[in-house]
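Protein chains in written order, with the working numbering: chain G, 25 to 275; chain E, 25 to 518.
What the hints contain is simulated information worked out from the structure, not anything from laboratory work.
Hints are supplied without guarantee of correctness; some may be wrong.
To be verified - Here are the simulated DMTMM-like pairs of lysine to aspartate or glutamate, each with C-alpha atoms no more than 25 Å apart in a straight line:
| hint | chain 1 | residue 1 | chain 2 | residue 2 |
| --- | --- | --- | --- | --- |
| 1 | G | K106 | E | D321 |
| 2 | G | K71 | E | E440 |
| 3 | E | K187 | E | D405 |
| 4 | G | K244 | E | D143 |
| 5 | G | K106 | G | D66 |
| 6 | G | K244 | E | E203 |
| 7 | G | K101 | E | D317 |
| 8 | G | K250 | G | E218 |
| 9 | G | K244 | E | D140 |
| 10 | G | K30 | E | D275 |
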Amino acid sequence: MLDVLKIRLHQGRRYIPDLKKAAVSPMFRGMPEITADKAGDDFTADKICPSGAITREPLSIDMGKCHFCGDCVRACKNNEIKFTNFHKLSSDSGEKLVIKAGMTPEAFEKDAVFCRTEIKKTFGRSLKLRQVSAGGCNGCEMELNACSNVNFDMGRYGIDFAASPRHADGLVITGPVTENMAYALEDTYRATPEPKIIIAAGTCAISGGMFAGSPAIDRKFFEKHKVDLYIPGCPIHPLTFISGVMKFLGI
Amino acid sequence: MFKTIRNQKAVALKEIPELPFQQLRPEILALCGSGKRVVGFFGVKEENAIRVYTVLADDDEASILLASSVFDAGASYPCLTQEALQFAAFERELWEETGLIPEGHPWLKPVRYGHDRHDRAQTMESYPFYKMKGEQVHEVAVGPVHAGIIEPGHFRFMCAGEKIEHLEIQPGYQHRGVEALFLKAGKTYMPQLAESIAGDTTVGHSMAYCSLVESLSGTMVSRRANVIRAIGLELERAAVHTGDLAAISNDIAYLPGNSVFGDNRTTIINTSLLICGSRFGRGLIRPGGAAFDIGPDTAKQVVRNVDRAFSRIEEMCEKMFTSASVLSRLQHTGTVTHETAARAGLTGLAARASGVKIDVRADHPTGAYNNFTVRKQTMADGDVFARAYLRYMEIRQAVSLVKEMADNLPHGPLLEKTQQLLPSMMAVSMVEGWRGGIAHIGITGADGAMKRIKIKDPSFNNWIGLALAVRNNGISDFPLCNKSFDLSYCGNDL
Chain G
25 MLDVLKIRLH QGRRYIPDLK KAAVSPMFRG MPEITADKAG DDFTADKICP SGAITREPLS
85 IDMGKCHFCG DCVRACKNNE IKFTNFHKLS SDSGEKLVIK AGMTPEAFEK DAVFCRTEIK
145 KTFGRSLKLR QVSAGGCNGC EMELNACSNV NFDMGRYGID FAASPRHADG LVITGPVTEN
205 MAYALEDTYR ATPEPKIIIA AGTCAISGGM FAGSPAIDRK FFEKHKVDLY IPGCPIHPLT
265 FISGVMKFLG I
Chain E
25 MFKTIRNQKA VALKEIPELP FQQLRPEILA LCGSGKRVVG FFGVKEENAI RVYTVLADDD
85 EASILLASSV FDAGASYPCL TQEALQFAAF ERELWEETGL IPEGHPWLKP VRYGHDRHDR
145 AQTMESYPFY KMKGEQVHEV AVGPVHAGII EPGHFRFMCA GEKIEHLEIQ PGYQHRGVEA
205 LFLKAGKTYM PQLAESIAGD TTVGHSMAYC SLVESLSGTM VSRRANVIRA IGLELERAAV
265 HTGDLAAISN DIAYLPGNSV FGDNRTTIIN TSLLICGSRF GRGLIRPGGA AFDIGPDTAK
325 QVVRNVDRAF SRIEEMCEKM FTSASVLSRL QHTGTVTHET AARAGLTGLA ARASGVKIDV
385 RADHPTGAYN NFTVRKQTMA DGDVFARAYL RYMEIRQAVS LVKEMADNLP HGPLLEKTQQ
445 LLPSMMAVSM VEGWRGGIAH IGITGADGAM KRIKIKDPSF NNWIGLALAV RNNGISDFPL
505 CNKSFDLSYC GNDL
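Bound-form chain G, shown alone:
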C-alpha cells in the first residue's frame, strides 16, 4: 500500500488543470491557414490530397475531408497552405468546416459552435454518450478513450461515455460507416431514448474521408439523421473533442 502511494507521489500532478486554456504542441497539425485566394499555376496540392479536401477556386480546405497528413504543405511551393496548432476545430455545420483565405482561428472559434438553449438546459450538467465505431480505424476510438484518462479527465464536466445506448443521451460516431456496420449503427440509434444528439467524430465519420468512394461504405445513416456536432481530426485530439462538446453544452 505504502509503495503504491509512493508511486503515486512520484507521478505528481498529471491532470490538465484548465482544459479551456490548454494548448497542444506547436508541432500539432490543427486548423489550416490559407494565404492565397486562388491557386497559382504551379499549385499541385489538390492533386496529392488523398481525400479531395482542397479546392482551387476559391482556394480552400474542407476540415471535414482533411486527414491532416500535412503532405499538401510540402507540395506548396508558395506556402499557400499552412497548419496552425489551433485545436478547437468543432463546428455545428459542415459548411463552416471549409476554411478559406483570411479565416483566422479567432474568427472560426467565434461562430463555429452555437449553444442551443434546449441543449444547455437538458444536457448542460450531464451528458452521457454511446460510442459507435462504424469502420473507425481505432485511431479516433483510442483518442476518445484518452478523453477520460487521468490527463484529460473529461468526466469532471459531467461528460461521460455510457456502456449502453439505453443509458445514453446521444451517439458519438467514428469511421466512414461500412456497409456491414450500417444496420448496427441504425439499431443503436433506435435504442437511444429521446431526446438525443449525434456527434460525428473524426474525418471519416464527417465525410467518409478517403473511404468516401469505396463500394464497401454505406452512408445512408447521415442522409436520414442530422448531425448536431462535427469534430474534425485524423484522429481527433482529445482536446478537440472535449472543447467542442463543452462549447456545444455552453460550459
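Start from chain G and add chain E according to the hints.
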C-alpha cells in the same frame, strides 16, 4: 520448387515458378512441418483462371519462398488446413475472395464479408455459428457494438455454466475495401491509406507499405530516414504496450496501474507528436524516406521523455507484477500452449508469450534493424501474465532502442524522390509491428501500375489464438484475455 527472395526485395514475376497445385501441396506441407510460416496465400484473377501465390517465410534463413499455381475458376483442391492449421484463415480468405474450394476445410466460412466477395449471397446475418447442444449449454452473443469504446465485432460463446467451451469470433463489420482502394489509386502512392489500415499500427503499416513501393520501384532510402522510421515504430510499440498494460490493469480493477500506465502512454505518444505533429505517427513515413526530421534538440527531448516515462512504468510494473492479487488474476488465465501457438501460426507478441521465438526485426531485418540489434524475447507459459509481462520487457527494449537511435542519428537526406514502379514485379514487405508480423505483398502489372496488393495484419493470424485461449476459462475472464491479445478488427477486415 520455390523462388527464394529476401524481405523487401523485388523479384520479376517470370522468375516465380508456376507448378500444378498437386505437385506444390506436399512441398508446402513439408516446409510447414519444418517450421516455415505462411505469410500469404492469395489469388490474382487472370482470364478465366485464378493464379494462387504461396508465400512462406523461412525465419532461420532470413528468406521468403514464392511459388504460384493456376486454377480454373470454381475449382477445388484438397485443403491444407487439415494438416497445417496455420492455413485456416488464409484458405477461408482465398475461398471468400475467389470461390476456390479447399475441400475438407473444417471451418469454411467467410472471414470478412468483403464487398467484392465471390458469393454475395453469403451475408453476415446468415453466418453459420458453431452450435453445441446439451442441458447445461447456453449461448452468449456479444456485439458488434461493445460496452467500451472499441471497434465492432461479434463474439458467440458456447458455455456450460460459467465455463467457456467454445468461442467463435465473427469479424467483417469493419470492412472498408482498403485493398481495392489502393488499386483505384493506380500509379499514385497512398501512404495515408496505409496509415488507416489500423490506426493503432499507423507506423507499422505505413512502414510496410512505403517499403513495399520502394522495393517495387527501386527507390533507396537514406540511413537517416531509416533510423527515424524505426524510432517511430519503437515509440508506437512502447506506447501501445503501455496503453495495454493500463487496460489490463483496469480489467482487474488495479487502478494505480490504470492511471500510471495511462499517463505515461500519453508522454510517449506526445513524443511522436513532437516529432511529426501526430500522436500516432501519421505523416511521418512516406515513400522515399521520412517526412519529418529529428533535430538535435528534438532528439534530446525524445530521450528525456522516454526516460521519464520508462522510469515510472518500471516502478509500477515491479510493484504490479509482484502483487499477489494481480498475479492470481493473470496467471493460468487464457493459456495458449507453445504447441498450439506454433501449430495455429500465431505471430508477434502473442506467439512469443507462448515461447515461439519469432520477430521480423531479428529474423528478416531491413532498414535500421540491420544496424541496431533486437533481442528476441519470449515467455514460456502463454497465459495473460506472460502476455502482460512480455509487454513490459518489450517496452524496455523499445525504449532503449529509441534512445540508442536518437543518440546515433546518421547523416543523410530525409526524403528521396520515389521512382516509378517497375512493371511485372512482386515484393513482400514484412515489418514487426507492436502486435506482430505485418506483411504487405504487392504485384505490379505490365503497365507499371499496382495490380494487386495483399495486406496481412498480425490480427489475421492471432484471432484464432484468442478463441483457443479462452476455452475452459470463466466467461468473466473474457475481457481480460481479449485485452491481453488486443487484436485489430479493421486490420483483419481491411
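Results of checking the hints against the structure:
no.: 1; hint: G:K106 to E:D321; in the structure: holds (23 Å)
no.: 2; hint: G:K71 to E:E440; in the structure: holds (20 Å)
no.: 3; hint: E:K187 to E:D405; in the structure: holds (21 Å)
no.: 4; hint: G:K244 to E:D143; in the structure: holds (24 Å)
no.: 5; hint: G:K106 to G:D66; in the structure: holds (17 Å)
no.: 6; hint: G:K244 to E:E203; in the structure: holds (23 Å)
no.: 7; hint: G:K101 to E:D317; in the structure: holds (19 Å)
no.: 8; hint: G:K250 to G:E218; in the structure: holds (14 Å)
no.: 9; hint: G:K244 to E:D140; in the structure: holds (20 Å)
no.: 10; hint: G:K30 to E:D275; in the structure: holds (23 Å)
Of the numbered hints stated above, none is contradicted by the structure.
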